[in-house]
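Hints given; two lone chains; assemble the complex.
Heads up: the protein sequence lines correspond to chains A and B, in order.
In terms of the working numbering, the first sequence opens at residue 1 and continues consecutively.
In terms of the working numbering, the second sequence opens at residue 1 and continues consecutively.
In case anyone wonders, no lab produced these hints; they're calculated from the structure.
Even glycine gets a Cβ: it sits at the ideal position worked out from N, Cα and C.
Heads up, a few of these hints could be off.
[To be verified] Computed Cβ-Cβ distance ranges for the label pairs, DEER-style: (1) A:F54 to B:F405: 58 to 64 Å; (2) B:I427 to A:M567: 33 to 39 Å; (3) A:F569 to B:L461: 40 to 46 Å; (4) B:I427 to A:G226: 51 to 57 Å; (5) A:G119 to B:I427: 24 to 30 Å; (6) B:S439 to A:V632: 54 to 60 Å; (7) B:S439 to A:K200: 52 to 58 Å; (8) A:L611 to B:S30: 50 to 56 Å; (9) A:M506 to B:K364: 39 to 45 Å; (10) B:T457 to A:L552: 40 to 46 Å; (11) A:E213 to B:T457: 39 to 45 Å; (12) B:T457 to A:R554: 53 to 59 Å; (13) A:G19 to B:I442: 22 to 28 Å; (14) A:K200 to B:G360: 48 to 54 Å.
[As the list claims (entries may be wrong)] Per the computed footprint, the stretches of chain B lying under chain A, defined by three or more beta-carbons under 8 Å from a beta-carbon of chain A, are: (15) 233-239; (16) 321-331.
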Amino acid sequence: MEYSLFILIAPFFLFLVLGLLGMKMQPKVAGIIGTAGMGLCAICAYAVAYQYFFQTGKAGEEWQQLIPVNFEWLRFTEYLHIDLGILLDPISVMMLAVITTVSLMVHIYSLGYMHGETGFQRYYALLSLFSFSMLGLVVATNIFQMYIFWELVGVSSYSLIGFYYTKPSAVSASKKAFIVTRFADLGFLIGILILSYYTKTFDFGTLTANHAELVTNSFAGGTFMGLSLATWALALIFMGGAGKSAMFPLHIWLPDAMEGPTPVSALIHAATMVVAGVFLVARLFPVYFFAAPDVLTLIAYVGTFTALFAAIIAITQTDIKRVLAFSTISQIAYMMVALGVSDYGGHDGLGYMASMFHLFTHAFFKALLFLGAGSVIHAVHSNEMSQMGNLRKYMPVTNITFAIACLAIAGIPPFSGFFSKDEILAAAFHNHPLIFWTLWAVAGLTAFYMWRLYYCIFWNGNKTYSEHHKPHESPWTMAVPLIILAVFSVFSGLIPFAGFISSDNMPFHTHIDWLVASLSIGIGVTGIAVATVLYLRKSNRPAEIAQSLGGLYRAALHKFYLDEIWMWFTQTVIFKYICMPIAWFDRHIIDGAMNGLAWTTQKSADSVKGLQSGQVQFYAWVFVAGSVLIAVLVLFL
Amino acid sequence: MDFSNFLLMGQEIGLIAVFLILFIYDIIGSGKSKDRWFHWVACIEFAILTVWGFLPKPAGEAFGGMFVSSDLTVLMKNILNIATFIVFLQSYSWLKGENRLRRSEFFTITLVTLLGMYLMISAGNLMMLYIGMETASLPMACLAAFNKYREKSAEAGVKYVLISALSSGIMLFGLSFLYGATGSFYFSDLTSQVAGKPLTILGFVFLLGGLGFKLSLVPFHLWTADVYEGAPTSVTAYLSVVSKGAAAFALIFVLYKVFGGIEAVWQHILWWLSAITITLGNLFAIRQTDIKRFFAFSSISQAGYILLGIMAGNAQGMEATVYYVFVYLFSNLAAFGVISAVEHASGGKTSIAAYNGLYGTNPKLALLMTFAVFSLGGIPPFAGFFSKFLIFMAAGSAEMYVLLFIALLNTVISLYYYLLIVKAMFIKKGESDVVEHFSSDIYNKISMLICFLGILTAGILWGCIFRAIIK
Chain A
1 MEYSLFILIA PFFLFLVLGL LGMKMQPKVA GIIGTAGMGL CAICAYAVAY
51 QYFFQTGKAG EEWQQLIPVN FEWLRFTEYL HIDLGILLDP ISVMMLAVIT
101 TVSLMVHIYS LGYMHGETGF QRYYALLSLF SFSMLGLVVA TNIFQMYIFW
151 ELVGVSSYSL IGFYYTKPSA VSASKKAFIV TRFADLGFLI GILILSYYTK
201 TFDFGTLTAN HAELVTNSFA GGTFMGLSLA TWALALIFMG GAGKSAMFPL
251 HIWLPDAMEG PTPVSALIHA ATMVVAGVFL VARLFPVYFF AAPDVLTLIA
301 YVGTFTALFA AIIAITQTDI KRVLAFSTIS QIAYMMVALG VSDYGGHDGL
351 GYMASMFHLF THAFFKALLF LGAGSVIHAV HSNEMSQMGN LRKYMPVTNI
401 TFAIACLAIA GIPPFSGFFS KDEILAAAFH NHPLIFWTLW AVAGLTAFYM
451 WRLYYCIFWN GNKTYSEHHK PHESPWTMAV PLIILAVFSV FSGLIPFAGF
501 ISSDNMPFHT HIDWLVASLS IGIGVTGIAV ATVLYLRKSN RPAEIAQSLG
551 GLYRAALHKF YLDEIWMWFT QTVIFKYICM PIAWFDRHII DGAMNGLAWT
601 TQKSADSVKG LQSGQVQFYA WVFVAGSVLI AVLVLFL
Chain B
1 MDFSNFLLMG QEIGLIAVFL ILFIYDIIGS GKSKDRWFHW VACIEFAILT
51 VWGFLPKPAG EAFGGMFVSS DLTVLMKNIL NIATFIVFLQ SYSWLKGENR
101 LRRSEFFTIT LVTLLGMYLM ISAGNLMMLY IGMETASLPM ACLAAFNKYR
151 EKSAEAGVKY VLISALSSGI MLFGLSFLYG ATGSFYFSDL TSQVAGKPLT
201 ILGFVFLLGG LGFKLSLVPF HLWTADVYEG APTSVTAYLS VVSKGAAAFA
251 LIFVLYKVFG GIEAVWQHIL WWLSAITITL GNLFAIRQTD IKRFFAFSSI
301 SQAGYILLGI MAGNAQGMEA TVYYVFVYLF SNLAAFGVIS AVEHASGGKT
351 SIAAYNGLYG TNPKLALLMT FAVFSLGGIP PFAGFFSKFL IFMAAGSAEM
401 YVLLFIALLN TVISLYYYLL IVKAMFIKKG ESDVVEHFSS DIYNKISMLI
451 CFLGILTAGI LWGCIFRAII K
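In isolation and in its complexed conformation, chain B is listed as follows (with noise of 0.2 Å):
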């Protein structure tokens, strides 16, 4: 066996020795170490791991082409560490009460996960993207049950687990098909072949139910709400983010590298996919009285625009789809910053309502949540127009003129909901509940600063963001 193979797994290796280091340090500390060290100590090494993610790394394929490695995949992987790089920051006092004890295991659990998704980007045949699949999916439903005492919590997670076993057998049935039709699962020999005959359409069909799961979106998506809610809320941030982002890159390449030959059929389907998800998304959004069901219809509708983003098919959609999930990161996790930092100082409140006459107690979150939602419901000069306007060009280069007018009905559509929550905070008026003025920790605070200069910044800078993605 060649060891050199390893080499491009640069980045996998780093992933699993934090894990391990984390692991070990969790058996032999004692207690009270761990309680003041713990976190800190995990930021710090992922920290570094993210940092040197962004070292130049060789580029090739591993393992017979099971693995591969690109500066594409390098960037993408880099993008997914930086936001959970983030979550880990946000999840500071939630992990400091009732679930202290347990604390080391959110952490490794959650480079379980990653290390599925990094596996996922960077499979160079389909048996290695169902795997990687399985690892970003079981433990997430441990995840999404970690408060296991509450009720919601469980539920998500069980609800969580039902549907991905659902959804893998869905795709593991449509692998099979593909299989049947072309007699290999690797992405080289199956471009070639695959052509547009039944058997290979049913297959692409069933495979995309599988990522549309874990993109959430329409008719894929109905799990989306329950989980969400009932989730931790820094898992639900994780969720909505690295997770969908891992999906939408994975289905980058599958779609790009295995179906490159029958791209007029996925763009049919994902023509109607993208309609109804954005649609949908939005429609439900605005009925939302709980701010994490709210983000979970808000981020199906933002999944609809990533979708629009690849069905342009070419190089100039899949740069701007890179870059808006680069953007929605830090406007995400933004939000999910100030909700984490409510609901940790409200005793746990979610509610809109609880939102109200937040600016007059704290200020500065109401601004960045501010921010952070004109950003998703791209409003100039926050990054989120930029990302916004690309995808917009991309699927204008494509000529899919009517598809861009829904999506920019829908934009006015989710200006209004997404101005709902500024109009709660800045211009109702709280009555008995409003959240008193806190501070909140440390590392929230590093955290929502890193998404204020992302989302800030990110736009401005663009010219030069994309540079680095076209690299």
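So that you can see chain A by itself, here it is in the shape it has in the complex (with noise of 0.2 Å):
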């Protein structure tokens, strides 16, 4: 299966020819160069996924890890070596499909969005860019060639978010979103030179073989400060999935990151980097749970914080993108928790299947939202919930996907959301109980603020519109992504995934407990009848709730401050006592010492010139001198 190393191949030479020729060519030749390369790339990838689940994959019962390509690029000594490659095992050829997937959809959907813009050539540059690293970060061999994938997304993503560089809050949204990320993937690599230093290996491969003894193995009891090492290296990896993954509190940048264009938010803050995390985790599962479960303890308790924290936030927001943003947040948390509290082995690993599952089916309703509100956007020139509504006569697309998305999300079934979030309220009912019921809650809270959301933009009211800003359906560019996103989050949850995707890939059957389903189901609905009591006309209610509630409102409306907590901890802690010492230190001490250096050089410099004279007796001279100098000090000293 060489030929997958196409589907990195590809984005990476579109990105080199978009950036360096784009501007000599049309924008629209460019974007349909990025669409068609994008749309080769997706078909690799649906190769690739075809011929590993039904052909290649299996050896015997177990799906099996398969290496087309690995090849060294750096070798330092014996144990480090980088090794860059593909790893295909059933993770990260789902990944493959659903990155190209929703990639492909949003390079389509920028046709139309994008158009006219100007820097269109850069945009699809950038896609291209973005969509090799998050490629080449699913299939890496090993933990550092992930990093080194897992960095070039933070930058393409930087640079796709400010991609309205002359936007002041573009720019600061840019600059947060990777400031916040990188201080995450500080831990991140730490967590990666721990690890490595004791194990000797970065290959996953290796890491994870047989109950991930090797980890067990090698960190023979090492402490700090009262925990294993192996427990400190695994919880700093997760600090970089929590990063990217927008855990509290390093959320902060996600919400902000909406200020990048509106398909820019679907690729990339629905269906690809924000699970970057999820997939480091799903990927080293077997670390985690044998090495360090502790570590995967604090990820379901971290998650069910912040998917509870995300939920209540988003239902007071009025911008509907920075809603989706928490919806996002939330969602994701859904997929860490699933993590943490599953088991390892058959019915026992079902948390793991479930994320994964969640992953799958989350990354195509979360980006049909995204490009719905893309849609809407793009028809009354507004984020705001209060320029909105009544739309649904005159948007009946964008409409009839974005109702499909929300019952999707809303956990109804037989839309896919309600599968997969199922097998995660099931994984979670019989041993943790106090995250079940929290989760319970949330997605109650979840169906609550989509159809919000929904009801504002689409119905509440009798909004009109002035004559010439009368919204109006999108063009097929923008529709046709819709419908087919909108197809796949019907029926993607039908998929029965454990039988692809389990914690040991050792195929299993789940299925659906009616118990929980019925109580998911209720609350589900119990949501989506509060929001259409609350939202389906205009009303005062809302607002008198909202009233009544005072200060608890206000504080989830401000977000609870956080930003303004992580300010204030940068501004005094980190600033005044760490860095301005450094600063001192870098001005008088190693300022003074490069200094001293170019004085020293230059001193010595002059008082040598006179050795080169020109004279070619001298030459001659110093050359004889020379040889008879060195033989001497050699034979006498």
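Pasting the structure below:
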């Protein structure tokens, strides 16, 4: 399956072509080249997925890890060498299909959405770079390759969020996203270094083999501050994942990142980059489970809290993209929780499967929601709910597809979200009652705020629009991706996922736990019902309720002041007590040493210049004298 | 006589064939056809030879151990071939001008020196090494004095021939000591017999004088600046890369094969030579105003780094050295490509001041020059970073931490003067005499493209290249 390399080469090549030659092309040509290239890439990914899942993937009963391409890139020592390659196993193949599909949809959609923007070619070049980085991340054969692509993802998302670089808010949002995730990646890097220092390998296959016994053995009881080193290493690696996947308290970059073009939000902040953290934990799942179960518990609780926290904030937001952003945080947290509560092997590993399942379905319906929101924004030129309403009459396709996505995320059968969310709840149900009931409540909140969003956009009174700003349905380039994604959102839940993905790579069977299912359907329907009562028609009731909640509402509206807390933390603690002394040291000690070196160099250059006299007899003299001097020194010293 | 010995000399014979074809073409071709085709024919032929060099070659010893061929020697010769090919490409504009009638001489003489270098690398006997060095040195003086009606060029030729004669003398003196001590010139005999006796050590020191002259190590370096400045630019490029590379390769074999027994002694000597060479080269480079002199001193300090790798005394050091020369080839020749383009377009200007504001008029050349000096200075992601890194790793593995520290400090200093050129091109405003926008000839463009690709990919694909070296 060496041709899987094409999936990586194609987007990188596109990036080079569009980046270097883009300005010489018509914008439209650049867009079509980018889209066609991504289309080929997607076809190739489907071929790989088909071949893996239906032909070559199984060795007996077990899904095996295939490494069709691997080469040693940099070799430092016997142990320390960085390889680049392609690892195919159920989760990476699934991710390949998801990423290329969503990316292709975004490529097509952007042809319409970004039409006429300045920097159209740059936009497509960056999309290609992003796709390349993300694809490289999921097929990484070793943790260092993953780290390299992880950073590439960070850089390319930085430039995409800051695409409108003349807008100050976009610039600061892109900086924020980069710095926050980079800060988290510091933990990731340290974690990698600790892990590989003890295990002497970067390779995923070696790390996870035989119930991660390499990791459990090689740390040999080393502890630091009361926790074992393995726990530290894996917790730090999770910190990197938490940064990219926007877990509390590192989630603050994601809402701001909505400053980027809306299709970018669909690609990066729905289906791909933000699930990188989930993917990372899933990739190292055996290591977490056997070497550091404490960290897995931590992940479960961080995820639970994040899910609840983000859902509460989402209820109060009025910018439609921010609602979706917080909903994304909440849903990603679901996936994290599922990993956190999962056991290993067979049906016990339900959480692992459920996490990947939810990742899969969520990618489609969340991308659909973002693209639908983009379509709305395209029509009314605003992100604010108050500027919208009654749009169902003007935008039928967007209306229906958006409703489908809302049903999916609310967990109403037979839409895809129901199945995956149900598995997550079932995984938490037996052993973790607190987590289960919290997630259950969050499911209700989710249904509520999504339908609040839906009604506020498409129903909610008889808002009229002035004649020359009349909203209209988007062009076909935008409508077609919506329809395709809607189809996925309806049917992708029907895939028997456990047959393909499981914690120990052995297929197993799941059945719907009707107790859990009825609980979750019940809360979902309740959420929708409440939203219908409050928001179907315009009324004062929501405002009154908000009034009565007082401080709690205001805190949620301001995202619980977390931005301000971080600001205070960086300004006073980090800048004042850490950075200023370092700056002083840099200015006086480091620069002083450098200036000293420069001064010495200058002086000694002055003093030796006579040596180069231009006279050949002098040269010869130095030559002979030098040889003799060396000989004398060697013989007599 | 067993003619099968000649099979091992494939590359040498190929080189002689190229030489003969060009020689005959020069005699029988009409002036007009030579104007048109000679350069083209020479480059194509040499390109074929270069590519052919990469095909698998037999390994072994010929002529009773006089001549040795192994994968490593073949690789080294290939590296020299690539560099020579690039120099040939760069010489087009220069040979089109006043030297039109002597065009073929440049190629034939250069090929002869290259043959000498091949023999230096493949030598299995000290006499063979000496003959190789002489074959490489004497015609080199002709090359240095190629623009013979220009005073500086003539001066360069004279200086080169005088110092080279001196160094040959000293080297022969050393060889006679070695012969006296051991009774043999064969590497294989010497290995077992060389011991820490004063006579062999003296012999080694004087032999080192000869090779040190070619590598321009301090204190055998004083000719370098004058010759580099006076010689035609393409010849300077050839001297600074090919001649130096060949000497480095020959030194590797001499040290590892012949003097492996007294490693401690030569490590001690080279320790000092390397430290002094790097430092002194840097100190002089800072003060230069002529770009060719500037690169003369820069190449002296680069030779010090090469020595650092050789000195590690283990396989890692040898691999790092070969790789270093490989990368250095692209970086330095990229710089010389720009220098000869600018020199030709500006009517012979070689001062650093002539580069003021080059970015404004010729952005591509300025960028290539920037990449080249960044690579020479060792800034990632350019290839020079990786090669320096490996050299330092090798030195680190031999636990020479003090020298490593000196080398690192010198890297900082070298960045300063390399950046002076970047500053001139990008920041300084040229006043009246900015080099106008121009388009260089297609040959030089190709050469610069090769160097550009080399600088970019040789580092990133380090792993692959390295495996080729280790093999």
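Hints breached by this structure
The structure breaks hints 9, 10, 15 and 16; every other hint is satisfied.
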